[in-house]
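Work the whole structure out from these sequences, hints included.
Listed below, chain by chain, are the residues.
Protein chains: 4
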Amino acid sequence: MGTGFFGTIEKIPFKGADSTDPLSYRFYDPDEVVMGKRMEDHLRFAVAYWHSFAWEGGDPFGGRTFDRPWYDGEMDKAKLKADVAFEMFKILGAPYYCFHDADVRPEGRTFAESRKNLEEIVDYFARKQEETGVKLLWGTANLFSNRRFMSGASTNPDPDVFAYSAATIKSCMDATMKLGGENYVLWGGREGYETLLNTDMSREFDQMARMLHMVVDYKHKIGFKGAILVEPKPQEPTKHQYDFDVATVYGFLRKYGLENEVKMNIEQGHAILAGHTFEHELALASTLGIFGSIDMNRNDYQSGWDTDQFPNNVPEMALAYYQVLKAGGFTTGGTNFDAKLRRQSIDPEDLLIAHIGGMDCCARGLKAAARMVEDGALQKPLDERYAGWAKPEAQKMLKGEYSLDQIAEKVERDNINPEPRSGRQEYLENIVNRYV
Amino acid sequence: MGTGFFGTIEKIPFKGADSTDPLSYRFYDPDEVVMGKRMEDHLRFAVAYWHSFAWEGGDPFGGRTFDRPWYDGEMDKAKLKADVAFEMFKILGAPYYCFHDADVRPEGRTFAESRKNLEEIVDYFARKQEETGVKLLWGTANLFSNRRFMSGASTNPDPDVFAYSAATIKSCMDATMKLGGENYVLWGGREGYETLLNTDMSREFDQMARMLHMVVDYKHKIGFKGAILVEPKPQEPTKHQYDFDVATVYGFLRKYGLENEVKMNIEQGHAILAGHTFEHELALASTLGIFGSIDMNRNDYQSGWDTDQFPNNVPEMALAYYQVLKAGGFTTGGTNFDAKLRRQSIDPEDLLIAHIGGMDCCARGLKAAARMVEDGALQKPLDERYAGWAKPEAQKMLKGEYSLDQIAEKVERDNINPEPRSGRQEYLENIVNRYV
Amino acid sequence: MGTGFFGTIEKIPFKGADSTDPLSYRFYDPDEVVMGKRMEDHLRFAVAYWHSFAWEGGDPFGGRTFDRPWYDGEMDKAKLKADVAFEMFKILGAPYYCFHDADVRPEGRTFAESRKNLEEIVDYFARKQEETGVKLLWGTANLFSNRRFMSGASTNPDPDVFAYSAATIKSCMDATMKLGGENYVLWGGREGYETLLNTDMSREFDQMARMLHMVVDYKHKIGFKGAILVEPKPQEPTKHQYDFDVATVYGFLRKYGLENEVKMNIEQGHAILAGHTFEHELALASTLGIFGSIDMNRNDYQSGWDTDQFPNNVPEMALAYYQVLKAGGFTTGGTNFDAKLRRQSIDPEDLLIAHIGGMDCCARGLKAAARMVEDGALQKPLDERYAGWAKPEAQKMLKGEYSLDQIAEKVERDNINPEPRSGRQEYLENIVNRYV
Amino acid sequence: MGTGFFGTIEKIPFKGADSTDPLSYRFYDPDEVVMGKRMEDHLRFAVAYWHSFAWEGGDPFGGRTFDRPWYDGEMDKAKLKADVAFEMFKILGAPYYCFHDADVRPEGRTFAESRKNLEEIVDYFARKQEETGVKLLWGTANLFSNRRFMSGASTNPDPDVFAYSAATIKSCMDATMKLGGENYVLWGGREGYETLLNTDMSREFDQMARMLHMVVDYKHKIGFKGAILVEPKPQEPTKHQYDFDVATVYGFLRKYGLENEVKMNIEQGHAILAGHTFEHELALASTLGIFGSIDMNRNDYQSGWDTDQFPNNVPEMALAYYQVLKAGGFTTGGTNFDAKLRRQSIDPEDLLIAHIGGMDCCARGLKAAARMVEDGALQKPLDERYAGWAKPEAQKMLKGEYSLDQIAEKVERDNINPEPRSGRQEYLENIVNRYV
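Chains as they are written, first to last, in the working numbering: chain A, 1 to 436; chain B, 1 to 436; chain C, 1 to 436; chain D, 1 to 436.
Since the hints were made in silico from the structure, they are not lab data. Be a bit skeptical, because a hint or two may be false.
Subject to a maximum C-alpha distance of 30 Å in a straight line, what follows is the list of computed DSSO-like cross-link-like pairs (lysine-lysine) [what the hints assert, rightly or not]: (1) B:Lys-380 - A:Lys-255; (2) A:Lys-380 - C:Lys-11; (3) A:Lys-221 - B:Lys-396.
Just the calculated beta-carbon pair ranges, DEER-fashion [as the list claims (entries may be wrong)]: (4) B:Val-33 - A:Tyr-301: 48 to 58 Å; (5) A:Arg-203 - D:Asn-260: 55 to 65 Å; (6) C:Gly-223 - B:Asp-76: 49 to 59 Å; (7) D:Glu-113 - A:Glu-120: 32 to 42 Å; (8) A:Arg-64 - C:Glu-384: 39 to 49 Å; (9) D:Ala-126 - B:Lys-391: 46 to 56 Å; (10) A:Asp-72 - C:Gly-16: 56 to 66 Å; (11) A:Lys-178 - C:Lys-391: 51 to 61 Å.
Quantities reported herein were computed from a predicted structural model and do not represent experimental measurements. Note that CB positions come from ideal geometry on N, CA and C, so glycine has one too.
Printed below as a string of structure tokens:
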């Protein structure tokens, strides 16, 4: 028997592209086979517990707009929240969810109490998972909301906060392990600075690396088989966050010998804030061998902060899934909707509609991307463009068999004077528009 | 006997803070000792040949506004340009200059001809250097202006362009070596992409790394003692440049084993375009052990492109030099004015005035920074903020003597529940304002 | 007999959505009827002479990449350029074109010579128009490229430049009149400032208004029936342009009593630079009664300058055409492609392919928008949302029949305490995605 | 007897530029005469009640960090808050303060209750003002925090919210009148939209104009002598706010005939968000005759949201006060610190230190600006630059005595061919640096 939060809605059906029913899927058919794999297994959708169930609609200029029966409460409310959440996962047919500790359990007066609260709710979640078949894509620790973390978690000038953070991560890793989570994520929302005037970047890097090493060690110790993922974001809440973007995190991992242990959870909105496209971050992570999972959402291009909107631009999303497919698709990762309702979208139905729209757009994007891959629509022109590098002399040059002066000598000897060739950008853009 | 380009002006004198003579220094006194070193030896000013002598005042919506007697010519004009340039270095008392090959020599019809032109002008420069005592801070190759480089230099899909670029770099390294240059710089203005649709990032990274390895090898081969510097820039001219910012380049160097061979030439304007402050990039390079030199200029905060203005905001510059001093000051590096006149500043005098203003602001910034260092004005509060980490238990934690679960256990045992402490940002900002 | 520039291509055919021929239209069928009007008459496509025929592929870091047979010449080359241009208009089936004086005629040594050159080429164009049936959407004066305009045209501190600009505009209005142009456009690329330090904004506003008044007066004097359009742009080339955005120009027109004489030519890329969406600027112009024409292109969201790319994102374009249709569609205005090839797209074929892609995307966008209008897909929910304002008491309040204190009294008397209602953003976004 | 909140601190003394006491003024000496007026009378400092006493340190990723004894309470806590606030005004020697209704009184269950709460606290404030001599610079209504305003106040689709807003404004205008406030401010934080899809801009403009007309009428009805000020902001919290910037508001006022009744309250941070410098907005408001008051703060140039930091960059501030002085200085307006502590600055002392720093920087900026005005440092070169316009022929042209064709004729007759003259930007920047 349900909570009644979503009225009598039981399941969002797939009705096909012509459906005008706002409570149906037009493109997301979990069982449709795309490139030899069920769509559900490609996309691996997850609902973000925080945005959909913990966020109250506030913004810097106004408070709560939503009115949920589980607000302002203790453990009973936390369980009601869980009941509604798992109901929504089922209604949507979302195979996964993701959570922070702070989303799901009441804060205790002490660390021990918070941990116990988490354990109680994890047991509750475990039963829910069993009942519904819904799984955990990833767990994570909220090390940024409580005032104790205002100056950072692992990078805090106070070693007690470092310790408190370590203990919190441990309890969240334990919870993730217990719930069969397929990844563990670290997003360092306060690991950065407001002003360099009070910051010793060098120390804070070492602290952050120490924490990450301990996380990796603990993963191995407890036999957690999932991936450890870092989620880059350049700023907000702080002026500068150390996990600025994929390239920055990669350098950090290299510096501290962690590049084989940690992968990336990449968010569209964070890519935009860092001055990149989403597909750039995906392609870069793949190039660097650290692609893990995605946080699918959309940032408003005119707003300078993280708007975390549900995605809706299919051509852009097709380019993102094209990179995911080129990277081999998800293994432990998936498509987490790190997206929140607009704060004016206060009805329970809005929660469903937003996810339906997002999932349908992902499905359209994936299908377009898959057709591009299958046709070699972009790959063939690409191979042709670099074809010159396949020649033996070029390969020798690339492999280091010539020195700078040898090449210089050859340029003069052969009077090499290359003519530019068209980059054909518009041609390729038109090709993409055939698929979306 | 001079060219007369600057009329009768022979030397910009230092006249002190009260001077109202626009052709005098108010703060830059090369011989003044700051923190035990002459100001000239601290700042190591260099004039950028390209902006001051090669750029013609064009922008995307209009052509040449300047009217210089050396435009539109061949070798004789190149020598006239050199005559005026070295005159200006002397008038300003600038100890260094920097150049690209394309700034100083006419382009030949073949590579060999371009190389010979460069060698001829290098000989001419060598005599000028001897006559004037002016030195070369760094040389570099222009691998972005000619249409052959439109799709990249080392990252071009055409291996012939790679070869041409290698040959060009070799000739520029030879020129730099011959002129006693103290560094060699690589700025990859076209090493990036306009669209991912026609780009294989993975291949292009390997190509770029190959080139950099060849540069490093050639440096050692010829016994060049200066530093190899990469200059990051996130975009412009291309949509994305691979040398996005300091953190990105660091990851790249690490990936290809170059982190001990290459340092950074950091530009204020490029930092701004990448979403950072200048001092951030400086502090980061220092933290990562790759700080080399600076391109001093200013970007307009409201313009989304690289405005390369002469710097004029002393409080900001003081924070930049504070990072330079904290990094130990320049060794081979210096302060290159990668700044150009506004295109409406068409008079020869404007060239002098712009440099005077920039040099004076640098001097003020340096002096303020030095006083902050000497007083420990920022260092003392910083040390105090992190003092907790000096305790033995904290040190153990940082050094990896505890595991995640051991720390968790301790947090519960000791009921660690840290109270936040003020970050005192405004207090520190007020302190800085005591010095600027 | 043609120039052969485009080889043997004579006409781009419409082949339907399934076509994979890059030289065919998939959606643009000029004769297809949309909302009771032929698609050609809805969209009124124009090719921009400057980007396609005058621009040479340069950017701030590199020169010409294109290699066109009409570069570097005098009148004969100008005519060759015209031959190719009109060939392209015919091949594309573009009914209109637009030009600046400087795009089409060689610059003379004096104003009189420039004027005569323009007249000669206008005669040539007139014959071309007659032969081909291609028409002029609008003409305009280039008052920004020549160095004389470096400090502004009408807003120049030198009244001689004002006079020169006035004379230039007169000759361009005469040319537009003679060629049957349907609008005359003013884009003030240098009407603004680089620094407030040397700028008297108040004077410059008066100068700019004077020029605009003279333009309007001259229009009436010569009986020009087309619209006078101002094209807003916030910045670039200058730091600040006075025609910042639609709202800014509207205030200016109001201040100088020109709001009934001048309308807006709105460009997507300029909207983006001003921090708006394209549809915002369109909706605002419509609300203010000054909507005129559009410059269709696309700005790269990650680049901070005007990239003037060919448009390719259909969902965004559908929202733009939705506003155009809501504003009643074009009257004298049309869809001008103020878009240039990427500088690496150096082949003649790229010119065709870029326009084909842009025109097809416009056609898709228009058709989607038309269906939304016909279905009332967005209008019905909108009317419902504001339905409360239809009530008599609300109308009285809106019409000024109550004072602030009367309303306050009523709020207390009736204990008005409104409950918020969902804004349903995601629901509406999903609806749009049904159409695109 | 005080509250003890600030310990034993009673008064911040002026100690001069060499003071190292963080609790002293180094430049702000209220009685120092600058350009014939006491500094206090020039600057007219006001403390913002909301940031300093109501804001709790939250941001989008974390909650309250401050720990103030007046949080979470009803009327008694509101009075304690007032006690501390007025203590701080006295300690700082700030002559003014500003407030919203929601900052100062508990929210009631009904409108009437909220109004009564406001009246009670206004009486309390009146006594405090009398005791301390502190005055009210402006009052305003908070029409954005409560969820009832989530879709706008005057622009809400629900007329009941319009009515509620009107009633709220009336009570705030009454309060401002009673407390002798010198201005009444309207900031439309939710007067805009999140998406055009659910917005009828035309209707909302009419609603907003109706409200503004009622405000103006009510002002005259009650005999309020202060100015009605609108505060522009381009976005945040919403995607687009109708009061985007000074130019936008000006057009709106003109459209609805309000340009003689309403002036601007201009904030540095909002100017930056709109893509302008602060001095631009000030100069523009002055040019348009609608300059009123300023909200002094600072936006972080790298953060895309309103950071509302205390100002600290004196050279920038000098340029702002230069515009204020050129506009004739403040009449009813003043310098309100719309600035909040960083959320890590949790100590009571931080509140004092932040204001001291801000006030000192304003004083330095004002003094530098005054010297520039007195010396004509910028005005003389400016007059010289436009000197050509003083000639009779130029004046005739400006006054409309010539038509476009008459000027064109003259250009040909006299062969006018203007040579550009240097804009001297760097020269002028160096001059400014002599004063700051």
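Now the hints, each set against the structure:
no. : hint                              : in the structure
1   : B:Lys-380 - A:Lys-255             : holds, 28 Å
2   : A:Lys-380 - C:Lys-11              : holds, 27 Å
3   : A:Lys-221 - B:Lys-396             : holds, 20 Å
4   : B:Val-33 - A:Tyr-301: 48 to 58 Å  : holds, 52 Å
5   : A:Arg-203 - D:Asn-260: 55 to 65 Å : holds, 59 Å
6   : C:Gly-223 - B:Asp-76: 49 to 59 Å  : holds, 57 Å
7   : D:Glu-113 - A:Glu-120: 32 to 42 Å : holds, 40 Å
8   : A:Arg-64 - C:Glu-384: 39 to 49 Å  : violated, 26 Å
9   : D:Ala-126 - B:Lys-391: 46 to 56 Å : holds, 53 Å
10  : A:Asp-72 - C:Gly-16: 56 to 66 Å   : holds, 59 Å
11  : A:Lys-178 - C:Lys-391: 51 to 61 Å : holds, 57 Å
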